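A.B. asks: Chains as they are written, first to last, in our numbering: chain A, 1 to 416; chain B, 1 to 416; chain C, 1 to 131; chain D, 1 to 131.
A couple of the hints might just be wrong.
Selected chain B positions facing chain C (Cβ under 10 angstroms, derived; list incomplete) [unchecked claim]:
(1) E71
(2) K159
(3) K266
(4) R271
Keep in mind that the hints were calculated from the coordinates and are not lab data.
Just so you know, these numbers come straight off a predicted model, no measurement behind them.
Where a beta carbon is used, it is the ideal one built from N, C-alpha and C, also for glycine.
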Amino acid sequence: MSYNPHEIRKDFPILQRKTHDNVPLVYLDSTATSQKPLAVIEAMNEYYRRSNANIHRGVHTLAEEATAMYEEAREKIAGFINAPSSKQIIYTRNATESINLVAYTWARANLKTGDLVVLTEMEHHSNLVPWLMLQAERGIELEFISVTEDGLLDLDSYKTLLSRTLRHAQGGAPKLVAFTHMSNVLGTINPAAEIIRMAHEAGAITVVDAAQSVPHLKMDVQALNADFLAFSAHKMCGPTGVGALYGKAELLESMPPFLGGGDMIKEVKLRSFRPNTLPHKFEAGTPAIAEAVGFGAAVDYLTKVGMDNIAAHEHEITEYALERLEEIPGVKLFGPSADKKGGVAAFTFEGVHPHDVAQILDRDGIAIRAGHHCAQPLHEKFGIPATSRASFYLYNTKEEVDLLVNGLYKVRELFG
Amino acid sequence: MSYNPHEIRKDFPILQRKTHDNVPLVYLDSTATSQKPLAVIEAMNEYYRRSNANIHRGVHTLAEEATAMYEEAREKIAGFINAPSSKQIIYTRNATESINLVAYTWARANLKTGDLVVLTEMEHHSNLVPWLMLQAERGIELEFISVTEDGLLDLDSYKTLLSRTLRHAQGGAPKLVAFTHMSNVLGTINPAAEIIRMAHEAGAITVVDAAQSVPHLKMDVQALNADFLAFSAHKMCGPTGVGALYGKAELLESMPPFLGGGDMIKEVKLRSFRPNTLPHKFEAGTPAIAEAVGFGAAVDYLTKVGMDNIAAHEHEITEYALERLEEIPGVKLFGPSADKKGGVAAFTFEGVHPHDVAQILDRDGIAIRAGHHCAQPLHEKFGIPATSRASFYLYNTKEEVDLLVNGLYKVRELFG
Amino acid sequence: MDDLYREVIIEHYKNPSYRGHLDPHDIQFADNNPLCGDHIEITLQTAADGTVKDARFDGHGCAISQASADLLIESIIGKPLDEVKSLNKQSILDMLGIELGPVRLKCALLSLKVLKAGVYGLGEASDELVE
Amino acid sequence: MDDLYREVIIEHYKNPSYRGHLDPHDIQFADNNPLCGDHIEITLQTAADGTVKDARFDGHGCAISQASADLLIESIIGKPLDEVKSLNKQSILDMLGIELGPVRLKCALLSLKVLKAGVYGLGEASDELVE
Ligand SMILES: Cc1ncc(COP(=O)(O)O)c(C=O)c1O
Ligand SMILES: Cc1ncc(COP(=O)(O)O)c(C=O)c1O
């Protein structure tokens, strides 16, 4: 049976909705956040209607049910990214908190003034600002793998960085390489396994910002050999308010805790405490229980549809979209060709500001994003303040791409 | 019209549920987490089914709707605690994160080795471990307001601490007083306004752990003159995964940011960034949007029922419960008399461990909590490892108290 | 679409009447909206009686920010500076004749923010100026 | 209630047969569950043929932790130490004859954890011993 996005759409209540003047919604903003299938919404409903209770310490039936649901979701998430153990999945609010957790714990325990952290020029602010804060606080050094004109990482510049620092006056080899697996602007899928292998050869630990890759590609953290990997539920059909950090067990074990409070402790006295074992050590206070349950349901949903099917569908639709967008006079696309990227098409439109493009399309029910997409330095690199961005997920269709293209012709007419 | 908990119960789907052998649920564990009214569950459903989008940067209809809903909820929460402005409400995951936020930002920017932080012996781990971590990292000094035999704060010991430190060798007056407004074990409602006034006279900043007070008492942060105040949605009829930190504007303005990432910035370059204005400065990455919407709905619900009505009902039921529990041979209650406490009854039962009590009650559908309730030092102070705890909220009835008492008689028989 | 991108906006964006830079000037101020890269500079000459003798805007950005600036300048020439000081969010929305979500509102209000910061002689333009 | 607090548990809790402390002993180990304050010490004498000659437990805590300890000691006297090493979670659940949620499971398994840490001669008792 071939993949049918029209069938998939029926699982998503919001895709039945109409906007202005009763036009159907054309949602092309899944890179910002995905929509949620009924199964995910209902899993959280069920939790609140039947089993809601605080977890871990409770003896009563509800508390046991809630604890089991919360931990079963963790197992599912671990399975989804092929983590060796669910103890290596730390629940966070989102990918941003996952990265900050590493910055506040592993990095503050291991990095000192002058230590080199390597990032890339295409990072989302979430994988940039935590390191800028650490630079300000601790005087670490930051260097950036450069991005080529066609939106790829320049691995030669990476090699230079790795080797330069081996004979660097201040501190030698890089200690940390933190990079995005897939750019939320260019769509570029970076060669993560290779970047990690090279980092390890140079003696560095790696943080993979997988906010865009886990939702769209089959993830295998063991094949990647990632040390830390961060992602958000809301971009992968799950709820807001929950994300995850995967980490290698020995790293997570050795790190100091992050937030202090209930559940992350084994024992507390007035003058001292002992942290809990993994994964609880990093989960302080009442966690996002219903959201974790929804996260588990999202993983079930994606698994049922099949990550390979999703990736193939996205590839097909992206190829089509890039082709059609290129035809439009005045449109300039950013990022590599379809074979090197995920379902993202960022572009500028000659003479029309991206905000105007997005707002005019919105009148036809077409939801795209305009702005710097939390990647201001990347936009600066390309000499533009903002782009328009259409993005595609499992529920998008070629007909929607056609509607987008028609809408852009209208914009052209209006500003022509 | 008088307050009728039986009517209120109809708003809570879970209270219609049965547990083992088809017995109705008697939920006496709201201090751990409250149940959710349909209005809250439905508000989040509606959000996911109609308006789900990422917020703040979006131009399209969904993004505008979602942003408006997220910010309207903030207004409601601000109104609920009488904050001067919604800019002073920072969304967090829970009360625990709210307190940690202060510890990581204000405290790390303002406290140095030897500086005194005053806590109390009745703190929840969430208002203890963050300061123990800071003590280990920074060498701050911790002192504790002592708790009397009948579970009240000993304000004389507080005065001694405040004055002793004025002529203290290392650093003079205390810099911070962090205390719980209402104990989750003893139920004690502490004289927060007085504690704050005294702290201010001594030149200290205050953090109020209001995780138990905001759900149960009419809160007015301006009347209290609190500097920081932390609470969680899930204990006040709202969803898991969201909480709030209230702070005085000048403190929040002056503090460094906490987590780095999208939305908390005004401008990012490869080598520097400028933080955003309040409240966004402290909200990094995609926030718990649906949960904020649910939080707003919870505040609406509580406001509709009336916080004064809720407090009066809880007082009545607590008085009744304490009376009935005291009759049971072998039961020892902790905490002050009903007029000085909220709806919490913690007790030990001679010859029976709290875990056994809770588990036997659970067979009759009665959900209470057993353990140290994340207040291990308080239990140590009373020389016991654990207590059983029944707690009451707007939906509990005297009939449920009777069922609890009957259940305890059964326990007595079994172990007699 | 007419309610949103009213002809007047597209018209003022494509063919602004007051784009330029006055030299000499009595008041000059510039600011930008880092989120979308909109940039507005305003230069202004005052008359002896405390009215605006002439004014111009310069900059780049979206249709709404540029059209608002043109409409704003048009509306203040000849007006007392005190009246300029009392302009607010609603004044701009009235000129544009459309409703705007929070993101686009920032674009629409940038020129007023710049103008008021200049007229008040402030070192920095703040959002409070246009509330 | 019979499924849960089976008579045997209440009986072993109220009237344990193997509560005590052996002196001299060949093996001694103690640990506690900080969450609920359960505490178990086990002392054990070995025979020349590598079997358990005698054993006792001491401590305090909930019915499940204390009854499990009594049942466990009862089951190992006379058994080869190698067989003791192979006991696991299921062995304890079979003795108790009830199902347990995750919190109470910790209570039930404390004595086995202590026993195995002692028999293996470990410095610390870890949860992996009883999985
Ligand atoms: C007094 C007190 N403070 C703090 C907390 C922590 O709340 P949360 O787990 O929602 O962060 C609780 C919750 O049990 C509490 O009762
Ligand atoms: C590449 C990348 N990294 C990190 C993030 C941050 O994700 P979140 O906002 O869920 O923390 C995003 C989301 O936009 C992203 O696209």
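A.B. asks: A separate judgement is required for each hint: does it hold in the structure or not?
C.D. replies: Hints, one by one, checked against the model:
1. E71: holds (8 angstroms)
2. K159: Since chain C brings no Cβ nearer than about 42 angstroms to K159/B, farther than 10 angstroms, the hint is violated.
3. K266: holds (6 angstroms)
4. R271: violated (15 angstroms)
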